[in-house]
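Chemist: Place chain B on chain A using the hints.
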Amino acid sequence: SVLLYQKPNRDICQSGTSLKIQCVADSQVVSMFWYQQFQEQSLMLMATANEGSEATYESGFTKDKFPISRPNLTFSTLTVNNARPGDSSIYFCSSRGQGNTEVFFGKGTRLTVV
Amino acid sequence: TQTVSQSDAHVTVFEGDSVELRCNYSYGGSIYLSWYIQHHGRGLQFLLKYYSGNPVVQGVNGFKAEFSKSDSSFHLRKASVHWSDSAVYFCAVSARGSSGNKLIFGIGTLLSVKP
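Going down the list, the sequences are from chains A and B. Taken in order, the first sequence gives residues 322 to 435; the numbers are from the numbering used here. Taken in order, the second sequence gives residues 47 to 161; the numbers are from the numbering used here.
Hints listed in this document are in silico derivations from the structure and should not be mistaken for laboratory results. Certain hints may be false.
Said to hold, decoys possible - Cross-link-like lysine to aspartate or glutamate pairs, in silico, EDC-like; alpha carbons within 20 Å at most:
#1 A:K341 <-> A:E372
#2 A:K428 <-> A:D408
#3 B:K110 <-> B:E61
#4 A:K341 <-> A:D385
#5 B:K148 <-> A:E372
#6 A:K428 <-> B:D131
#7 B:K110 <-> B:D63
#8 B:K110 <-> B:D131
#9 B:K148 <-> A:E379
#10 B:K110 <-> A:E423
#11 B:K148 <-> B:D54
#12 B:K160 <-> B:D54
#13 B:K95 <-> A:E423
#14 A:K386 <-> A:D408
#15 A:K341 <-> A:D408
#16 B:K148 <-> A:E375
#17 B:K148 <-> A:E423
Computed from a predicted model, the values in this text were never measured in an experiment.
Okay, chain A solo, but in the shape it has when bound (with noise of 0.2 Å):
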């Protein structure tokens, strides 16, 4: 298995502010998921992130306003840049162990942007 770790739990925000999120991998993994979850919805896949290259995005999602940075197998930043009210959600990484179908996830960032 592998322990996802991410750092801020929750945060505060003002609009127009940017606020970072990591995620910390217990064992090296090849990629990593940044997900997107509204309060009562479903998970919304943001972007994956290989080390060495850039994220590639979802529909609906930008480098400019959610760049990720992924500078080694784990580790893996997700910012929100220019925040909005509409930002407000939890945030969550995940990855796939080696050699294994099971996708594992870290508890979440709640971001609220006021």
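Modeler: Showing chain B alone in chain A's frame:
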């Protein structure tokens, strides 16, 4: 493109009842199917998965799911629910292959277990 649908937004049962949470998918190739549980205000916990072999897979806490290729389904079942099973259940699909590691989630089914 793979998709997954969960037809029931909310299911209510009594403690000790059996329950089935439905999941249907669409995809032409080989896929992985899984179920996750999310208790209120918490992260996602893995329940079970299917990718080949026995179509009936056993998960944690007495949950099991059955894969049906003919019905394009992967319904989750439990014989006797407990109040602590109250949560949102997400069905997820991912396509096998180099680009297939990302999970696509259904909208979730809220299971309410009454005492």
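Chemist: A separate judgement is required for each hint: does it hold in the structure or not?
Modeler: Hint check results:
no.	hint	result
1	A:K341 <-> A:E372	holds, 18 Å
2	A:K428 <-> A:D408	holds, 18 Å
3	B:K110 <-> B:E61	holds, 18 Å
4	A:K341 <-> A:D385	holds, 14 Å
5	B:K148 <-> A:E372	holds, 16 Å
6	A:K428 <-> B:D131	holds, 19 Å
7	B:K110 <-> B:D63	holds, 15 Å
8	B:K110 <-> B:D131	holds, 14 Å
9	B:K148 <-> A:E379	holds, 11 Å
10	B:K110 <-> A:E423	holds, 16 Å
11	B:K148 <-> B:D54	violated, 24 Å
12	B:K160 <-> B:D54	holds, 18 Å
13	B:K95 <-> A:E423	holds, 7 Å
14	A:K386 <-> A:D408	holds, 10 Å
15	A:K341 <-> A:D408	holds, 13 Å
16	B:K148 <-> A:E375	holds, 16 Å
17	B:K148 <-> A:E423	holds, 11 Å
The structure fails to meet hint 11 from the earlier list, while all remaining hints are met.
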